[in-house]
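Undergrad: Residue strings, one per chain:
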Amino acid sequence: MYPLTEIQLVLMNPTGLHARPASQFVQTAARFKSKVQIIAGSKRADGKSILNVMTMGLKKGADFTVSADGEDEAECLAALQALVEGNFGEG
Amino acid sequence: MVGIVIVSHSAKVAEGICDLARQMAKADQKILPAGGMADGSIGTDAFKVSEAIQAAWSDDGVLVLVDLGSALLSTDMAMEFLDEAIRERVRVADAPILEGAIGAVVEASVGSSLEQVLSTAEGAREMRKII
Numbered sequence: 183m184y185p186l187t188e189i190q191l192v193l194m195n196p197t198g199l200h201a202r203p204a205s206q207f208v209q210t211a212a213r214f215k216s217k218v219q220i221i222a223g224s225k226r227a228d229g230k231s232i233l234n235v236m237t238m239g240l241k242k243g244a245d246f247t248v249s250a251d252g253e254d255e256a257e258c259l260a261a262l263q264a265l266v267e268g269n270f271g272e273g
Numbered sequence: 006m007v008g009i010v011i012v013s014h015s016a017k018v019a020e021g022i023c024d025l026a027r028q029m030a031k032a033d034q035k036i037l038p039a040g041g042m043a044d045g046s047i048g049t050d051a052f053k054v055s056e057a058i059q060a061a062w063s064d065d066g067v068l069v070l071v072d073l074g075s076a077l078l079s080t081d082m083a084m085e086f087l088d089e090a091i092r093e094r095v096r097v098a099d100a101p102i103l104e105g106a107i108g109a110v111v112e113a114s115v116g117s118s119l120e121q122v123l124s125t126a127e128g129a130r131e132m133r134k135i136i
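Those protein sequences? They're chains Y and R, same order as listed.
Just so you know, the first sequence maps onto residues 183 to 273 in the working numbering.
Just so you know, the second sequence maps onto residues 6 to 136 in the working numbering.
Do not take every clue at face value.
[To be verified] Between beta-carbon pairs, the in silico distance windows are:
(1) Glu89/R x Gln263/Y: 42 to 50 Å
(2) Asp64/R x Asp228/Y: 37 to 45 Å
(3) Ser46/R x Ala264/Y: 44 to 52 Å
No lab work stands behind these hints, which were simulated from the structure alone.
What you are looking at is a predicted structure, and each value in this text was computed from that prediction instead of being measured.
Note that the Cβ used here is the ideal one computed from N, Cα and C, for glycine as well.
Bound-form chain Y, shown alone:
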């Protein structure tokens, strides 16, 4: 068994991972010590870099992987999962 250090997520909020949701993602990731990456297809972004995350251009319906590496990786992934699955607080 490998430790759980990555999760698969699907964007269901209307605007995808842009602007406000992207900033919420980055600010949530930044609360943790772990290194955070977003992987979608062949693209990979630093989950703590707003420009990196916005450049991914992930739209509604996109599925992507979030990986976390560090001492608080489980808590970090749980927080990011809650954010994405809660549609970033969008209606």
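Add chain R to chain Y, keeping to what the hints say.
TA: Frame of chain Y; chain R shown alone:
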């Protein structure tokens, strides 16, 4: 938290960028507009810029984003009005004003250093819109 100042020839542009950027920032993030002339006309006013820098000031410093041409000249002049201790911790980003501002406020809101906030704002130069 690094403060952000938006210098534009238009008060509406500066205020609009601040409104938009605040949507991405933590509630206590300082983002101040310095747009237009004292009488509301189009232009940049060094005095307005220096006031905004002082209002955005904390020991973490201030990043200024400018639109075009004389916005930079007015910002340079505004620096002359500031105490040396403040001036040393003010940077002007060579960045697109809106995209740079969004990057900067998010970076500042997570508590990054002035140099990191500057680097993120300037990184917006490379950001592609159509991919």
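Undergrad: Taking 44 to 52 Å as the stated bounds, is the beta-carbon spacing between Ser46/R and Ala264/Y within them?
TA: With a Cβ separation near 49 Å, Ser46/R and Ala264/Y satisfy 44 to 52 Å, so the hint holds.
Undergrad: Determine whether the Cβ-Cβ distance between Asp64/R and Asp228/Y falls within the hinted range of 37 to 45 Å.
TA: violated (27 Å)
Undergrad: Just to be sure I understand the hint, the distance between the Cβ atoms of Glu89/R and Gln263/Y should be within 42 to 50 Å; is that true here?
TA: holds (48 Å)
Hint compliance for this structure: hint 2 alone is broken.
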